[in-house]
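Visitor: Given the structure of chain A, go ahead and fit chain B onto it with the hints provided.
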Amino acid sequence: MRVNFVLSEVATGLRRNLTMTVAMILTTAISLGLMGTGLLIAGMISDMKEIYYDKVQVSIFLADDVTDEQRGEIESQLASSDEVASYLYESKDEAYERFQQQFSQQPELVQNTPPDALPESFRVELVNPERYEVIAAEFPNGQNGVDQVRDEGDFLDRLFSLLNGARNATIAVAVVQALAALLLISNTIQLAAFNRRNETNIMRLVGASRWYTQLPFILEAALAGLIGALLAVGGLVLTKVLFVDKTLAGPIKAGIIPPVDWGAIAFISPIIAAAGVGLAGIAAYVTLRLYVRL
Amino acid sequence: MIELQHVTKLYPASSRPALDDVSTEIDKGEFVFLIGSSGSGKSTFLRLLLKEDDPTKGTVTVNGKALNGMSKWQVPKLRRTMGCVFQDFRLLRNRTVAQNVAFALEVINKPQRTIKRVVPEVLEMVGLEGKAERLPGELSGGEQQRVAIARAFVNRPLVLLADEPTGNLDPETSEGIMLLLERINRTGTTVIMATHDYHIVDSMRRRVIELNGGTITRDQSRGVYGVGR
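Protein sequence lines correspond, in order, to chains A and B. Under the working numbering, think of the first position of the first sequence as 1, with each following residue one higher. Under the working numbering, think of the first position of the second sequence as 1001, with each following residue one higher.
Looking at chain A on its own, in the form it has when it is part of the complex (with noise of 0.2 Å):
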C-alpha cells in the first residue's frame, strides 16, 4: 500500500469539502464531548456515592434535652447490635463546625444560625443498608431522648437519581448528537466519492483492491472523527479549568463535590478518540457499501 498516495488523497478529500468537513468535525466534537460529559458525571457519581453512602446511612438525633444516660444507653444499644457496621457520635459543636465548613461559600446562613441550632447525632453505618426499618424500630422518634431517626439513604437515594437523570439526559444528547453527526458524515463521504468519481472509475477499471480504493474515504473520515475528538477533549480541559475548578472550588474543598481530576479526562480522552475515529470509519465504511459503487 503506497502511504503517500493515500494520504494525498485524504488530504484533497478533506480540503475539497471544506464547508462539510467543518460541520462533521464540529458535530462530531460536541456529541463526544457530551459523552465525555456525561462519563465524568457518571465518574463523579460513583465517587460521591462513595464519600457519601459509605459513611452515613442512618442518622439518629437526639433530643435537646437528653440526658446523659439515656446517650449512654443508646450508644451501647448501637455498639451490641448486629446490625450496626459501625457509628460514630457527633456533638452539637462539631455538627455546628462541619456545617460551617460545609457553607464557607454562604456566610450569612452561617452568621445566621446560632452555634446550638444544630442538633447532636449518631451517625450509623449497617450491615445492609437496606434494613433501616430495624434500626428506626428499635430507636423511636421522640422517646428516649431520640429526637428522629433518619434514613439518610432514602435521601441521598433521592440526590442521586438526581444526579443520574442529568447523567442520562446528557448522554441522551450525545447520542443524538451523534446520529446528527453520523448522518452528516455519511453525506460528506457520498459527496467526496462523487468529487472523486473519476478517479474511482478508473481504480476500478485497472483492477485497484477495494481497500485501496476504499482507504482514503474511510480514513477521511476517521481523521475528522479524529480531530472531532480532539476539540472535545479540549472542551473539557476548558470546562474543567474554568468552570468546576473555579465557580464549584467550594463545594469541592467541602468535601460536598468530588473535584473532576485531570486522571479522569485522562482516563476518558483515549475512549472518547476511539469512539470518534471507530464510529466514522465505521460510517464512511458503511456509506460506501450501501450507496458508493466502488
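Keep in mind that the hints were calculated from the coordinates and are not lab data. Be careful, since some hints might not be right.
To give an idea of the chain B side of the interface with chain A (calculated C-beta under 8 Å), a few residues [stated by the list, open to error]:
| # | residue |
| --- | --- |
| 1 | Lys1077 |
| 2 | Arg1079 |
| 3 | Leu1092 |
Ideal Cβ placement from N, Cα and C applies to all residues, glycine included.
Guide: Chain B only, in chain A's frame:
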C-alpha cells in the same frame, strides 16, 4: 480464452433482454470488431467480460476463469489482466500524461521503480514521447486517446477492450489509433473493439461479430461492416 455460453442479460428496468442467448468464443491474440446499432448489446457484451455486470443466464469465461462464481474480492485481479479504452477517454484532467498512465500502476501497488521504467516506454510506444508533462486539456483528441491506450496497455493486459475508441475522432486520427491497436494486437494481446465506424471495419478485414437486438446475427472471420452498404 474468452467464452460466452448461452448468455442472456436482462436489465431490471427493461422488458427486452440486452443480450439474448449469446454463445461465442474468442481465441487468444484475436482482433474482433463488435458491431451493431445502438442498443444492440455491444456495451453489455463488454461489461459482462469486465464483470461490471453479471449475466441473468449463461456463463462467461475469461482467461480460463468462470466469472459467474467469482467473489467480489477476486474481481480486481481479473481486471488487472484487461485494459479498457472508451470513446470519452476518461483521463484525469488535473494530472499530467505521465501521471495518468502511472496512476493505473500506482493503484495496483506496482513498485515505484517499475513505474519509472515502464511509463516512458509505453508513452514512446503510443507516440507521445516529449508530451509526458502535458495536461490532457492541452492535447488533441487523438493524443488524449493515445494516453488512454497507454494507460490501458501499460500493465500488459491479456485483453484490451475498446468501446468506440474512435467515436470522437476524425477519420485521419482514427486511422492512427487503429494502427496503434493493431500494433498492440501483434504483441499477443486480444483486442475486442465495439464500433460504428464502417470505414475502419471494412479496411481492416478482421473478425466481425454483429449484434442485433441482443443476438449474434453474423460472425465472419474476415468481415466487412455491412452487406449492401
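Visitor: Each hint needs a verdict: does it hold in this structure or not?
Guide: The hints, checked one at a time:
{"no.": "1", "hint": "Lys1077", "verdict": "holds, 7 Å"}
{"no.": "2", "hint": "Arg1079", "verdict": "holds, 4 Å"}
{"no.": "3", "hint": "Leu1092", "verdict": "holds, 6 Å"}
Of the numbered hints given earlier, the model fails none.
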